[in-house]
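Protein chains: 2
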Amino acid sequence: MKIFTEEEIRENIKIDTTVIQEIKSAFTDLYTKNVQMPPIMRVDIPENKAEVDVKTAYIPGYKSFALKVSSGFFNNYKYGLPSTGGLMFLISAINGQPEALLYDNGYLTDVRTAAAGAVAADYLANETIDVVGVIGAGAQARYQVEALRFVRDFQHVHIYSKTKKRVLEFKQEMEEKLDIIVSVKDSPEEVARGSDLIITTTPAEEPVLQREWIQPGTHITAMGADAPYKQELDPKILQMADFVVCDVIDQCEVCGELKHAIEANLMDKKNVFELGQLTSQKQKLRDRDDAITVTDLTGTGVQDTKIALYVYKKLIETVESNNK
Amino acid sequence: MKIFTEEEIRENIKIDTTVIQEIKSAFTDLYTKNVQMPPIMRVDIPENKAEVDVKTAYIPGYKSFALKVSSGFFNNYKYGLPSTGGLMFLISAINGQPEALLYDNGYLTDVRTAAAGAVAADYLANETIDVVGVIGAGAQARYQVEALRFVRDFQHVHIYSKTKKRVLEFKQEMEEKLDIIVSVKDSPEEVARGSDLIITTTPAEEPVLQREWIQPGTHITAMGADAPYKQELDPKILQMADFVVCDVIDQCEVCGELKHAIEANLMDKKNVFELGQLTSQKQKLRDRDDAITVTDLTGTGVQDTKIALYVYKKLIETVESNNK
Numbered sequence: 001m002k003i004f005t006e007e008e009i010r011e012n013i014k015i016d017t018t019v020i021q022e023i024k025s026a027f028t029d030l031y032t033k034n035v036q037m038p039p040i041m042r043v044d045i046p047e048n049k050a051e052v053d054v055k056t057a058y059i060p061g062y063k064s065f066a067l068k069v070s071s072g073f074f075n076n077y078k079y080g081l082p083s084t085g086g087l088m089f090l091i092s093a094i095n096g097q098p099e100a101l102l103y104d105n106g107y108l109t110d111v112r113t114a115a116a117g118a119v120a121a122d123y124l125a126n127e128t129i130d131v132v133g134v135i136g137a138g139a140q141a142r143y144q145v146e147a148l149r150f151v152r153d154f155q156h157v158h159i160y161s162k163t164k165k166r167v168l169e170f171k172q173e174m175e176e177k178l179d180i181i182v183s184v185k186d187s188p189e190e191v192a193r194g195s196d197l198i199i200t201t202t203p204a205e206e207p208v209l210q211r212e213w214i215q216p217g218t219h220i221t222a223m224g225a226d227a228p229y230k231q232e233l234d235p236k237i238l239q240m241a242d243f244v245v246c247d248v249i250d251q252c253e254v255c256g257e258l259k260h261a262i263e264a265n266l267m268d269k270k271n272v273f274e275l276g277q278l279t280s281q282k283q284k285l286r287d288r289d290d291a292i293t294v295t296d297l298t299g300t301g302v303q304d305t306k307i308a309l310y311v312y313k314k315l316i317e318t319v320e321s322n323n324k
Numbered sequence: 325m326k327i328f329t330e331e332e333i334r335e336n337i338k339i340d341t342t343v344i345q346e347i348k349s350a351f352t353d354l355y356t357k358n359v360q361m362p363p364i365m366r367v368d369i370p371e372n373k374a375e376v377d378v379k380t381a382y383i384p385g386y387k388s389f390a391l392k393v394s395s396g397f398f399n400n401y402k403y404g405l406p407s408t409g410g411l412m413f414l415i416s417a418i419n420g421q422p423e424a425l426l427y428d429n430g431y432l433t434d435v436r437t438a439a440a441g442a443v444a445a446d447y448l449a450n451e452t453i454d455v456v457g458v459i460g461a462g463a464q465a466r467y468q469v470e471a472l473r474f475v476r477d478f479q480h481v482h483i484y485s486k487t488k489k490r491v492l493e494f495k496q497e498m499e500e501k502l503d504i505i506v507s508v509k510d511s512p513e514e515v516a517r518g519s520d521l522i523i524t525t526t527p528a529e530e531p532v533l534q535r536e537w538i539q540p541g542t543h544i545t546a547m548g549a550d551a552p553y554k555q556e557l558d559p560k561i562l563q564m565a566d567f568v569v570c571d572v573i574d575q576c577e578v579c580g581e582l583k584h585a586i587e588a589n590l591m592d593k594k595n596v597f598e599l600g601q602l603t604s605q606k607q608k609l610r611d612r613d614d615a616i617t618v619t620d621l622t623g624t625g626v627q628d629t630k631i632a633l634y635v636y637k638k639l640i641e642t643v644e645s646n647n648k
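Residue numbers (my numbering), protein chains in the order written: chain A, 1 to 324; chain B, 325 to 648.
Rather than coming from a laboratory, the hints here were simulated on the basis of the structure.
Predicted model only: the values in this text are computed from it and were never measured.
Worth double-checking, as some hints may not be accurate.
In silico DSBU-like cross-links for lysine-lysine, where the CA-CA straight-line distance does not exceed 35 angstroms [as the list claims (entries may be wrong)]:
| no. | chain 1 | residue 1 | chain 2 | residue 2 |
| --- | --- | --- | --- | --- |
| 1 | A | K63 | B | K357 |
| 2 | A | K49 | B | K373 |
| 3 | A | K2 | B | K357 |
| 4 | A | K164 | B | K488 |
| 5 | A | K324 | B | K402 |
| 6 | A | K2 | B | K387 |
| 7 | B | K402 | A | K63 |
| 8 | A | K282 | B | K338 |
| 9 | A | K313 | B | K326 |
| 10 | B | K560 | A | K33 |
| 11 | A | K314 | B | K326 |
| 12 | B | K638 | A | K49 |
| 13 | B | K638 | B | K326 |
| 14 | B | K638 | A | K78 |
| 15 | A | K78 | A | K2 |
| 16 | B | K326 | A | K78 |
| 17 | A | K2 | B | K637 |
| 18 | B | K594 | A | K78 |
| 19 | B | K326 | A | K49 |
| 20 | B | K402 | A | K314 |
| 21 | B | K486 | A | K171 |
| 22 | A | K49 | B | K637 |
| 23 | B | K326 | A | K2 |
| 24 | B | K488 | A | K63 |
| 25 | A | K49 | B | K387 |
| 26 | A | K78 | B | K373 |
A few chain B residues that don't get close to chain A, going by computed Cβ distances all over 10 angstroms [said to hold, decoys possible]:
| no. | residue |
| --- | --- |
| 27 | Y382 |
| 28 | S395 |
| 29 | I418 |
| 30 | S511 |
We put the CB at the ideal spot given by N, CA and C, even for glycine.
With the rest of the complex left out, here is chain A (with noise of 0.2 angstroms):
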């Protein structure tokens, strides 16, 4: 079993098309082929505030799988660690052998989620987009918009955090690294009032955006809610909406934004969709300018799989390169 580290992973692996159009095909393969995907297994830590995930999944046809375990300790700041932590096991699926760990810290996690919410705008978003709009200031908000940035070409990034130090370094870093202007704004009503496309990424239990403030044409990409009590949208949002684009419809309905819209007696999901289908079907839902379009994502063992296999593949081949 080799074993690579967080270093080595973030030095090979950035996001970019490649990684985009790898997570692309997984949700293709998720919608066309008979994915084993069992669902997301869970242990929460009461006491200590924390949860630790378990997701994976075999895709036909495919040498080998990704096991991701993934945490979430939230009194970690008291120790000086981060709150959020992970690896992933690349395993054979021929004869069962571990075949690599990817100690990635999360690293991995962070960089197919942007990446999803890259490819449901891809097919969701209007193609003209002015300014984005961020509810949010931790990593995952950088990745998103970075990934963002490689299927609209935007100039401006509005963005709402209630920790001011985050949002401030959100700013510069953003800045250069994109050469794009973000203005911080005081609420995330004065942020959604003004974009075309909006991003949450927060770890929200209730709504932090609400209907009134959308504006026609807008699409939403809701990632924060992994968990039944997680939530970011206004239900209505949902309801509004002329399309919502899950991950996995049946996951959503458990622990996404598609859970609260149910439960509040908002939805007849006739158009509810899964992002395969989109993928797979080169099918672009938006039918006019105006439209509203929501995409709710909960996170999926199959982008894991992705991920790791391309990982694995890249890091062999610059050992190998390196050897040489």
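Place chain B on chain A using the hints.
Below, chain B alone, put in the same frame as chain A:
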């Protein structure tokens, strides 16, 4: 993260009274504490006759918990590889960091499974056992017999297995190791009719033991069934048993012998108990010498966590004492 190899683990951990006590306490914890043990996660790879299971459990009050990946790849004989494998992670319950990788290739699963058989037998079997019957001659057959020796002082083993070569190896190994007499029998019936305690440890998908063969007073440990399609016991055995003891009732209803007995409408469940109920209340259900008792073992994450904690502590102590 510390990594321990199968060799290091095998060198330091053998089946003994301490391990059996640890597993006994695992069942007590499961019954008396708010253990977080999600359902088993399972990936099937039918084209390679393969399955991968993930188990985990967090026991309140412990600083770490295990996450175990175990695999069965039943074409592996073609590649000269063992069909089962696996590894365990010990994860901090305080901050989520992976503390250790126990790369044991399934050895600890064998040990903790055998220990559970011994715990159950200790609570359920008659005190005097002359002949132990064994159906199946794989690694687990050996470990079950070894573990049982710590709780009952038998001198004879009667064994049946379809695989002639394996059964002769079993005889030689066990006679040498345990100073007992092993008699190879020609059928499961012959084994059953002459035994006081029967262990079934096969990958059978239909009963290997029939009700008519079971003698009064017999205790049966069935540990082969750990998937919905697996079955070792005629469901009528569970029906006629005075007491049926599951590792976890909910789980045995899905993937153990109990499932098949319920499906055949043969169980009213009033004589069904959980092992932790016995260990926590020091309750020996057997009320007379000729009672028939059955243990249905499907395997639990709480056993994995307990053995991983024990192994890690022991290995760290060994490393420290070697460094002195």
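Status of the hints after comparison with the structure:
1. A:K63 with B:K357: violated, 41 angstroms
2. A:K49 with B:K373: At roughly 40 angstroms apart (the allowed maximum being 35 angstroms), B:K373 and A:K49 break the hint.
3. A:K2 with B:K357: Violated, at roughly 38 angstroms.
4. A:K164 with B:K488: Violated, at about 72 angstroms.
5. A:K324 with B:K402: holds, 34 angstroms
6. A:K2 with B:K387: holds, 28 angstroms
7. B:K402 with A:K63: Roughly 17 angstroms separates the two Cα atoms, so the pair holds.
8. A:K282 with B:K338: Between A:K282 and B:K338 the Cα gap is close to 58 angstroms, so the pair fails against 35 angstroms, i.e. violated.
9. A:K313 with B:K326: Holds - the C-alpha atoms of B:K326 and A:K313 are around 25 angstroms apart, at most 35 angstroms.
10. B:K560 with A:K33: Violated. B:K560 to A:K33 sits at ~41 angstroms, over the 35 angstroms cutoff.
11. A:K314 with B:K326: holds, 26 angstroms
12. B:K638 with A:K49: Distance ~29 angstroms between B:K638 and A:K49 Cα, so the pair holds.
13. B:K638 with B:K326: holds, 13 angstroms
14. B:K638 with A:K78: holds, 30 angstroms
15. A:K78 with A:K2: Holds, because 33 angstroms separates the two Cα atoms, which is no more than 35 angstroms.
16. B:K326 with A:K78: Holds, because 24 angstroms separates the two Cα atoms, which is no more than 35 angstroms.
17. A:K2 with B:K637: holds, 25 angstroms
18. B:K594 with A:K78: Not satisfied, since the Cα-Cα distance of roughly 49 angstroms exceeds 35 angstroms.
19. B:K326 with A:K49: Holds, because 25 angstroms separates the two Cα atoms, which is no more than 35 angstroms.
20. B:K402 with A:K314: holds, 30 angstroms
21. B:K486 with A:K171: violated, 69 angstroms
22. A:K49 with B:K637: Between A:K49 and B:K637 the Cα gap is close to 26 angstroms, so the pair holds against 35 angstroms.
23. B:K326 with A:K2: holds, 15 angstroms
24. B:K488 with A:K63: holds, 34 angstroms
25. A:K49 with B:K387: With a Cα-Cα distance of about 14 angstroms, the restraint between A:K49 and B:K387 holds, given a limit of 35 angstroms.
26. A:K78 with B:K373: violated, 47 angstroms
27. Y382: violated, 5 angstroms
28. S395: violated, 4 angstroms
29. I418: violated, 6 angstroms
30. S511: holds, 33 angstroms
Of the numbered hints given earlier, the model fails hints 1, 2, 3, 4, 8, 10, 18, 21, 26, 27, 28, 29; all others are met.
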